[in-house]
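Based on the provided sequences and hints, a complete structural model is requested.
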Amino acid sequence: MGEMNIEFNVNGKQVRVSAEPNKTLLYVLRGNLGLTGTKDGCSSGDCGACVVMLDGRPVNSCMVLGPQVEGSSVVTIEGLASNGELHPLQRTFGETWAFQCGFCTPGMLVSCYALLELNDHPSREEILTAIAGNFCRCTGYQAVIKAVEQAAAELRAAKGGAGND
Amino acid sequence: MTESAIVGQWTAAPGAEEIVTGKARYCPDIQLPGLLCGKLLYSPHARARIRKLDVRKARNMPGVFAVITHADIPGENSYLYAEPDQPLLVVDEVRFQGDAVAAVAAVDERTADAALAAIEVEYQELPGIFDPLEAMQPGADQVVQGEDNVMMSQMYRAGDVEAAIASADVVIENTYRTQWAEQAFLEMEGGVGLVDDEGGITVYSSCQAPHRDRMQIARALAMPESMVRVITPYIGGAFGAKDEAHVQIHAGLLAHAAQRPVHLIRERRESMLTHVKRHPMIIDYTTAATKEGKLLAVKARVIADAGPYTNSTHEVLNKCGEFIGGPYKVENVEVEKIGVRTNNPITGAFRGFGAPQAAFVYESQMDDLARKLGMDPLAIRLLNGVETGTKMYTGVVIREGTAMKASLNKAAEMIEWEKRDQVERRPARHLRRGFGMATILKGSGLGRGLADHAGVVLEMHRDGSVVLQSGAADMGQGIVTVMAQLAAERLGIGMSSVRVVRADTAKSPDAGASCASRQAMVSGNAVLEAADTIRDTLLTMAAGKTKIARDRLDLKAGRLTVDGEPHELTVKDLALRAGIWGYPLHAESLVHFEYPTDVPDVTYRFSQEVFQFCTQIAQVLVDCETGQVTVERLIAVHDAGKMINPGGVYGQIEGGIAQGIGYALTEELIVKEGHTQNPSLENYVIPMAFDIPELEMEVLEIPEPLGAPLGAKGIAESPIIPTAPAIRNAIYDAIDKPLYELPMTAERVLPVPDAGSIRH
Ligand code: FES
Ligand code: FES
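Chains A and B, in that order, give the protein sequences. So the first sequence is numbered by numbering that gives the first Met the number 0: it starts at 0 and just counts up by one. So the second sequence is numbered by numbering that gives the first Met the number 0: it starts at 0 and just counts up by one.
What the hints contain is simulated information worked out from the structure, not anything from laboratory work. Incorrect hints may appear among the rest.
Cut-off 25 Å, straight-line C-alpha distance, at most; resulting in silico cross-link-like pairs (SDA-like, lysine to any residue) [as the list claims (entries may be wrong)]:
1) B:K22 - A:P121
2) A:K158 - A:S71
3) B:K22 - A:E84
4) B:K22 - A:K158
5) A:K145 - B:M687
6) B:K22 - A:S71
7) A:K22 - B:R55
8) A:K22 - B:K22
9) B:K22 - A:R15
10) B:K22 - A:M3
11) A:K145 - B:E695
12) B:K404 - B:T387
13) A:K145 - B:G14
14) A:K12 - B:H429
15) A:K22 - B:A117
16) A:K145 - B:P27
17) A:K145 - B:K22
18) A:K22 - B:V106
19) B:K22 - A:E77
20) A:K12 - B:Q30
21) A:K145 - A:E125
22) A:K22 - B:T387
23) A:K22 - B:I29
24) B:K22 - A:Y26
25) A:K22 - B:P27
26) A:K145 - B:P645
27) A:K22 - B:E108
28) A:K145 - B:M413
29) A:K22 - B:L31
30) B:K22 - A:L32
31) A:K145 - B:E16
32) B:K22 - A:P87
33) B:K671 - A:S43
34) B:K736 - B:G626
35) B:K671 - B:P43
Just the calculated beta-carbon pair ranges, DEER-fashion [to be verified]:
36) A:N31 - B:E82: 18 to 28 Å
37) B:E124 - A:P20: 36 to 46 Å
38) B:Q30 - A:N21: 19 to 29 Å
39) A:K12 - B:E17: 20 to 30 Å
40) B:P583 - A:L85: 33 to 43 Å
Idealized CB from N, CA, C, for every residue including glycine.
Take a look at the structure:
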């Protein structure tokens with residue numbers, strides 16, 4: 000099969016890769032771009048380990064074909080920190096033990112990040128909905144919920160909105 | 000000792016930043032120049048004779064660097080966990096769907112797939128042996144020719160069971176069945192093999208036992224172990240299934256054959272078809288008691304479907320039998336443990352090692368008994384529960400058993416057990432609510448008579464930073480954090496000053512496998528011992544320099560302290576002086592777990608003697624129309640001895656319960672004639688976030704006196720164990736229907752006995 004060029008933005012950087020059109024975004028990220036932070040837990044859309052942001056929305060990157068992201072912008076786990084500063088979620092995930100083995104974490108974190116981008120005061124229900132497709136075999140999800148709540152509180156405080164709680 | 004600054008505190012894991020930024024490298028993330036793609040060809044049949052195996056076409060394909068079959072293995076063609084009976088690559092007969100017949104290494108995935116397709120195999124399908132009860136019959140066709148299908152049959156007896164049963168007021172007999180359960184660690188098994196500079200083989204391995212891997216790889220390559228190195232990168236979960244070797248041996252073989260680095264990662268389907276599952280068991284169980292509810296005897300026959308190969312069947316059945324009586328005082332116990340070969344999936348370690356099956360049985364039976372006697376489930380458990388000093392039927396004396404009843408009482412208090420009848424039991428016409436409890440024990444450590452040791456190497460550099468080398472694999476359970484905390488605590492430095500090198504057999508001493516909830520104890524003690532050696536040198540030097548008596552000195556928060564007050568000398572200053580004056584700040588330790596010698600009548604082989612006690616209570620809602628069971632509340636009270644790392648302890652409990660809920664309600668590999676029907680995360684149903692209620696937990700800290708660092712004990716296995724029976728008992732309470740088979744799916748919950756009354 001011939002390869003084709005795909006141009007898109009990853010974590011703020013414009014990139015151009017050449018890949019067979021049946022390769023998934025997950026494959027392109029890991030194989031072509033060496034962004035191995037995003038994980039493969041099933042290759043079939045069932046685990047969420049491969050979640051990335053595609054044009055502002057979380058998607059299973061194993062279910063998206065490379066050519067579909069032409070001209071789009073993608074954020075992966077490697078892109079959550081800005082200027083060397085961790086996103087509050089990245090810190091709270093560590094502090095609350097929201098992971099053990101950490102293999103679900105890249106996808107889980109991106110799903111939670113997507114939630115907080117839209118909603119910095121999510122209810123437990125909303126957090127569960129955001130991570131409903133993220134399988135974690137280690138933690139039982141409790142600490143993930145805690146980590147999101149803490150990060151949300153920090154984000155609100157940073158915006159000066161902490162007073163309305 | 001002064002109050003802990005680090006031990007017992009919430010602290011992020013060393014490596015947390017790598018994980019949250021995506022930098023942590025797991026086997027699939029390893030990239031090397033010239034890395035080939037390795038693949039295995041698995042059997043499409045549950046049982047077949049190989050009539051022809053021709054790899055010449057595949058070998059001659061462009062881009063293919065190695066194709067190997069059994070004939071190309073330089074050394075032993077077998078895994079070696081307990082018995083060398085599972086081939087790495089099958090010689091003449093495939094015996095289950097996960098048997099591998101050939102391995103290839105090619106320039107990329109597509110070429111590797113094409114090479115697999117070009118391998119010519121002619122199978123002659125043979126009638127398989129799938130029913131363990133039939134396989135046990137004399138004259139049954141043999142799974143392995145010349146070998147009895149009953150691979151293990153052991154009888155253990157304590158007291159006089161028959162006499163006790165004859166004298167009992169009540170006798171309850173039931174047969175229980177459990178399922179094949181899948182560990183479903185998120186990172187599939189993998190290995191990266193490469194030829195190293197000395198001509199030896201290095202393998203990156205996603206495993207629980209790097210030193211045992213090294214032995215197995217060396218054996219297969221016919222190389223001295225000194226020429227094989229196993230490194231553990233980050234590991235994405237294991238739960239027992241990576242205790243036994245998987246493809247890391249093949250990665251080594253392929254790298255050796257290709258003389259190039261080879262990446263070998265299983266796909267999810269392959270993973271689910273090939274690695275060991277939790278043993279399905281058929282357990283006949285008899286309980287005898289007085290009319291007051293006192294247990295008199297337990298009699299059990301456990302039949303485990305082992306699949307064709309031994310794997311850890313002996314160990315799993317050993318633990319199942321050891322705990323078959325539960326955390327109860329019962330003197331007359333008879334347990335027969337039978338492992339049977341079939342052409343079904345292979346079976347072995349999965350969190351709890353046979354104890355979850357046992358607990359499902361003894362805790363279900365306990366509720367059946369309570370019902371028969373009209374007793375409260377809590378009261379009957381308190382009446383029979385073990386205590387500190389109780390001598391178990393195994394002969395083991397419980398050194399610290401307070402937590403058995405303490406956890407029961409605490410859990411009952413948390414859910415207001417006494418008031419549970421005031422809770423609405425029929426919140427809607429078709430809904431029934433129920434409460435159930437289960438309390439269990441499980442040992443930590445390998446068991447008496449087994450080599451249960453761990454070593455570490457610890458070095459403090461001139462700048463006060465520390466490197467800790469340990470062979471203990473961290474699959475996510477958090478041993479790296481525990482070790483770093485213990486070292487930091489003892490040396491009076493911060494966590495950020497301790498670097499733990501992930502297990503690497505070229506650098507780290509053998510710590511044995513990360514299994515049986517043992518590492519926090521053995522490796523924990525090894526770290527304390529090594530840290531104390533360095534601490535001693537530092538304090539002796541400090542005493543010399545300050546002319547202050549040694550026993551007034553300590554190390555804390557990066558400083559020397561005198562009578563607890565900070566002194567101007569820092570640990571760094573001392574480390575620098577040590578470096579300059581040639582005092583080595585280097586320590587190695589090797590710690591053996593010491594079993595007490597004052598228990599002459601331990602009659603159970605490989606008995607464990609440090610116990611994890613815990614109680615869980617479930618509140619469930621059963622939909623009588625759909626059979627759907629919702630876990631509304633789950634209370635868990637666990638004893639950790641002493642929490643070194645609370646984040647890790649709570650994490651183990653939460654994760655274990657989530658697995659327990661899956662084991663109870665949905666998780667089951669459906670195997671028909673040896674063929675697994677649901678080898679995917681879509682069809683093997685595992686709890687997702689919405690399936691877990693907000694867990695209500697309490698951790699007791701009752702210091703463990705036996706071989707535990709600072710009183711801490713391993714707790715990794717216990718959380719999964721009581722969940723299924725607690726849910727089962729809650730369902731029984733809700734719909735008045737006892738279930739004897741796992742998982743408790745809607746089909747088994749239905750029909751609900753009085754469901755007629757809910758319809759119009
Ligand atoms: S790898 Fe994409 S959902 Fe599992
Ligand atoms: S932390 Fe291991 S799968 Fe989530």
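Hinted pair K22 of chain B and E84 of chain A, Cα distance within 25 Å
15 Å, holds
Hinted pair K22 of chain B and K158 of chain A, Cα distance within 25 Å
29 Å, violated
Between the alpha carbons of K22 of chain A and P27 of chain B, is the straight-line distance 25 Å or under?
Within the cut-off at roughly 17 Å; holds.
Just to be careful, I want the Cα atoms of K22 of chain A and E108 of chain B compared with a cutoff of 25 Å; is the pair within it?
Judged against 25 Å, a Cα distance of about 12 Å means the pair holds.
So if I understand the rule, the pair passes when the alpha-carbon distance is 25 Å or less; does K22 of chain B with E77 of chain A pass?
With a Cα-Cα distance of about 8 Å, the restraint between K22 of chain B and E77 of chain A holds, given a limit of 25 Å.
With the threshold set at 25 Å, check whether the alpha-carbon distance from K22 of chain B to P121 of chain A stays at or below it.
28 Å, violated
Are K404 of chain B and T387 of chain B close enough, with their CA atoms no more than 25 Å apart?
Judged against 25 Å, a Cα distance of about 10 Å means the pair holds.
Pair hint K22 of chain B and L32 of chain A, alpha-carbon separation not exceeding 25 Å
It holds: about 14 Å lies between the C-alpha atoms, which stays within 25 Å.
Just to be sure I understand the hint, the distance between the Cβ atoms of E124 of chain B and P20 of chain A should be within 36 to 46 Å; is that true here?
This hint holds: roughly 39 Å between Cβ atoms.
Straight-line Cα separation of K22 of chain A and K22 of chain B no greater than 25 Å?
23 Å, holds
For the pair supplied as a hint, K736 of chain B and G626 of chain B, confirm whether the alpha-carbon distance does not exceed 25 Å.
Holds - the C-alpha atoms of G626 of chain B and K736 of chain B are around 12 Å apart, at most 25 Å.
Need the status of pair K12 of chain A, H429 of chain B: alpha-carbon distance at most 25 Å?
Outside the cut-off at roughly 56 Å; violated.
Against the hints set out earlier in the document, violations occur for numbers 1, 2, 4, 7, 10, 14, 16, 22 and 36.
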